[in-house]
Amino acid sequence: MKRRIPLAIVFIFGVLGAIPFLIPHRIIQNADNEFRSSILRIIVAFSLVLGVGSIIRHHFQKIRRKKENWQYSYITLIALVISAIIGLFGGIDARGMLPTQFTVPFTEYVFRFDIQTLYTNIMVPLAATMFSLLAFFMTSAAYRAFRARNVEATILLLSAFVVMLAAVPLVSSFFPKLSAFSEWILTVPNTAAKRGLLFGIALGSMATSLKIILGIERGWLGGTS
Amino acid sequence: MITSILIVFTQLEIFRKISWKKNRFMKTTFLLIFLTGLSFAISPPTDVRAWDSPNDAGGSINIAWRISPDDPMLDGYEISRLAEGAADYEPIGFIGKTRNSYTDEETRDGVKYQYRVAAVKDTIMVYSEPSNYVQSSSQWFNTDRINVLVFATLFIFLILWFTSRAKKGMSLFIRKIAGLDAVEEAVGRATEMGRPILYIPGLSTMADVATIAGLNILGEVAKKTAQYDTKIIVPNRDPIVYTVAREVVKESYTQVGRPDAFNPDSVFFVTDSQFAFAAAVDGIMTREKPATNFFMGYFWAESLIIAETGASTGAIQIAGSDAVMQLPFFITACDYTLIGEELYAASAYLSREPLLLGALKGQDYGKAVIIGVLLAATLLALIANLPVLRLF
Amino acid sequence: MSGEPWIWVGAIFTLFIFSFLYKENPFYRFAEHLFVGVANGYMITFYWHRILVPALINPVSHGERLWLIAVAFVGALYFTRFIPRISWLVRIPIALVMGYSSGAYIPRGIDAYIIEQTRATVITRSTFVNWQQGLWALIILFGVIATVSYFFFSRERKGIIKPLSYIGIVFIMLGFGASFGYSVMARISLFIGRIQFLLRDWLGLIH
Amino acid sequence: MKFFEALMKIDRRILYLVLAAVVIIPFIFPFMIHPKAMPPVENLYNYIDSIPQDKALVISVDYTPDTEPELHPMTIALLRHAFTRRIKVGVLCIGVLGLGLAENALNQVAGEFNQRATSKADSIIYGRDYVFWGWQTPVLTVILGMGERISRVFTVDYYNNQTETLPMMKQIKNYNNVGILVSVSASASPGWYITYGQTSFGVKVGIASTAVQAADWYPYLNSGQATGMLSGMKGGAEYEELVQTNLGITDRRRATEAMASQTSAHFAIIVFILIGNIGYFVLRRRKK
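Chains as they are written, first to last, in the working numbering: chain A, 236 to 460; chain B, 9 to 400; chain C, -15 to 191; chain D, 15 to 302.
Keep in mind the hints are simulated off the structure, nothing from the lab. These numbers come from a predicted model, not from an experiment. Any given hint could turn out to be false.
To be clear about the criterion: a stretch of chain A counts as covered by chain D if any three or more of its residues have a C-beta under 8 angstroms from a C-beta of chain D, and this derived list gives those stretches [unchecked claim]:
#1 271 to 278
#2 288 to 299
#3 349 to 359
#4 373 to 380
#5 399 to 410
#6 413 to 421
Calculated pairs, DSS-like style, for lysine-lysine (alpha carbon to alpha carbon, straight line, at most 25 angstroms) [unchecked claim]:
#7 B:K176 <-> B:K239
#8 C:K7 <-> A:K301
#9 D:K301 <-> C:K7
#10 D:K50 <-> B:K297
#11 B:K184 <-> B:K120
#12 C:K7 <-> B:K184
#13 B:K297 <-> B:K258
#14 A:K297 <-> C:K7
#15 A:K302 <-> C:K7
Even for Gly, the Cβ is constructed at its ideal location relative to N, Cα and C.
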């Protein structure tokens, strides 16, 4: 029973998902639209519970079991609660019940802490800087790891050189031939290779979707028990 | 057409001679004649026809006509509609010149409509003959998408056919994957040098096909390390993948008859943060100095850090991933790389698991179909010049 | 030098993350954990204000579409994930969403990835509008067939498949080289963006 | 041979300092580079330029702060182009973490135009010239829903106004009123718009992608499913160049500004790869 019901649901809704593309009739289209805009949207909204819930549980367990760096879990939980309160009650454009700004006494500076300010001044710098580290890792990997160790890697590095040089605006304005060659590599061999890979990936993901609907692939069942 | 231009030209000449101030009445009457004269010059669009828009949910009718011979002079065309039982035509749309079709999307299904198109120049409108009667309706099957239905049924058949054969235990041939010889040789090297092997089953979750493939290959590698009594280190980023990985390694050790040699601490959970995990793995690589590193599964940008440190410690590195974005780094930083589907094929080849074998064979034949269609369509198009593209 | 305190907060966090380059340290860990907290708080805000309120709470509170309550009940089954005894119930909403998404993907995936891409690779006489266009189209057709044959596992690599798959790997390497060359620019520009923030918005050295 | 040994053993942190220096120096001695637009960038520019008055440009802001430096200048350039040409603009986000960036971009560009505006006619007014629909989920509901009726997917916009009541929405009902939908993305969202939006409703899709993914979108350019593409910061700089030369917009161009550092950083990376490989081959030959 614990397996048969989910597998039946996944099959029924799998068929319901595919039909509207082939049947344009108004009845089917209206039903599909209604399903998507109300039922699917609400259920997916609740799925946030899974995401946020598992993060909260993960950090709680880390604190309870005093795993390594458990003190930092407090920061995540406190930050989550505070930003959720500011967002939920302060409102998206700071028009909610909770006041999200105050003027510093003796000055006319207004200190705002609404959700958009938190986003722009905490999330953007942290996330952007986290990813900008990659420039450094790229630099040291270029020096220590990127070797023409076999024929394939050699072809890859040669093609990369041409595209890398042409990606530099200074070079492409002095050597239009080079940027034309780089554009050729991108529009002809690269298109052929990526299209060939695309066929493989598309067939693979379709086979996986098919196996899920037909109940052959049951990994997603086991993973949640 | 030429006669109308001559008429217009002579009228202009006369008009110019009468100076405006002297005789206002004469001028205005002449202007009127002049303008109506123009209307004779415009001929209306012809052959107006209308039909229910195909493959739709109803409520729309297509109208087409042959543009008026005086088209370059026109401002455009106005389309008007006469509903069944309505008093008169009501204008429903205006469209620029040179255009010869329009779609009326506000029709009610089951009501008969008739259309006519007017050539418009400033205030002059010349109507065409009315079109045929037409009703809009919605269709139960979209005939444009038959090709999708054909390929879908074919593909479903292929997958089901091969999966059922695999389940019945019939042997499905898969060629040996070149990368797997490299695995054999790499484990042997680590044993000779008496140094550990590092195996990372990707950073993704159990729902990811690449993680499942990574764990299958981990099972095989663990069997070899059990036989040669080589130390194996398996750091994980996902708690669930960690528990499954430990079971896989334990199972491999017992299968080879060496359950006592299995050290539970060899498989461990590090952290779920992407870069902290990479930093921790770097620490292990520099401390333990493994002779061979395996990266089998799905990776993100942190693959750069891991592969780079591994290369600098001089270890042999074998990677396998379907993360297309990270493959270029693996290819240049590792000794051997399983590209995309080779990872799935390797895990199917090693595990002989019917589910993986069936799907892989089905996809292989899907590829054969695509290549076949490509070649056939191109040959037909080039040699017999058939309008092949309408098939797609 | 910027007087806005929030710009200082952003700059300090930027330096915290850059400290990871020296070695993994408490500042980096603090910044990373803070980010996970604020990001989830931000998501909760929008899921509530822009989805649950307009799609569920407003209609139901006005007494319309009361069947939405049943839908909300199915959605609430996600909570059972954390209640051991009945945690299998979470499979029902997952099955619904996963089933519908898989079903919606298959026909459209076939249309967009298989049929459209095949149509674009087929060569007709009109492709030879000029010799260059025709030649490139021929190379693309040949390259696609070679790449696909590299990933063909049902036959030993003998006969025609052997040379074909070798040429296939050459195409694949050219393709990966192109991606690799471009990705260097991508990673660098992320770092340049942060330098622009530090030098202009924070220190005001450049304008 | 000592030299080669030392050459191969440069510490990682020295390389980091070299990269930092190589990026910062061009900011102290800035030299402006005007990149020539490549065909995919020009195609997108020309297509957007030709959008008729009764159609809108839709920008899907599908990136997160992670790739803000690379993609944000593109959103800004697209908005400047549309507002100068008085093309109606609709902005939405597939991912919730893109909302803040979309709002910052709209406030910035609308502010630039309204500062210069003299009358109500040539200023940028919310609801008339542009609408910020905000975010909805899941992807299927958004992309397929916009084919039927946009105001049914986004019943309320980002600022909680009823979408139906906004003047622009009387004219922009669904994809039939969309000239082109440009997905500014660091993920696979352009592919979703092609797979779901284009197959079912035939909407034109333009791509503005990070350089990491740009090469993977070329098959869609070749097949005509994508109508032009901006790739990476260089693509952004090229579009800024077109916007400035054709429309005379002279506001700050973040992407072009970075081209100098981009140039020097690329040379540094190429030199490192060369050194690495030379050292590798010398040592390998000596080992044989």
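Each hint, compared with the structure:
1. 271 to 278: It holds, with 4 qualifying residues against the three required.
2. 288 to 299: n = 0 at 8 angstroms, threshold three: violated.
3. 349 to 359: holds (count 5)
4. 373 to 380: holds (count 7)
5. 399 to 410: holds (count 9)
6. 413 to 421: holds (count 3)
7. B:K176 <-> B:K239: 38 angstroms, violated
8. C:K7 <-> A:K301: 23 angstroms, holds
9. D:K301 <-> C:K7: Distance of about 34 angstroms is beyond 25 angstroms: violated.
10. D:K50 <-> B:K297: Not OK: D:K50 and B:K297 at ~49 angstroms, beyond 25 angstroms, violated.
11. B:K184 <-> B:K120: Outside the cut-off at roughly 67 angstroms; violated.
12. C:K7 <-> B:K184: Violated - the C-alpha atoms of B:K184 and C:K7 are around 43 angstroms apart, more than 25 angstroms.
13. B:K297 <-> B:K258: Status holds; Cα separation ~24 angstroms.
14. A:K297 <-> C:K7: 23 angstroms, holds
15. A:K302 <-> C:K7: 21 angstroms, holds
Consistency note: the structure conflicts with the earlier hints numbered 2, 7, 9, 10, 11, 12.
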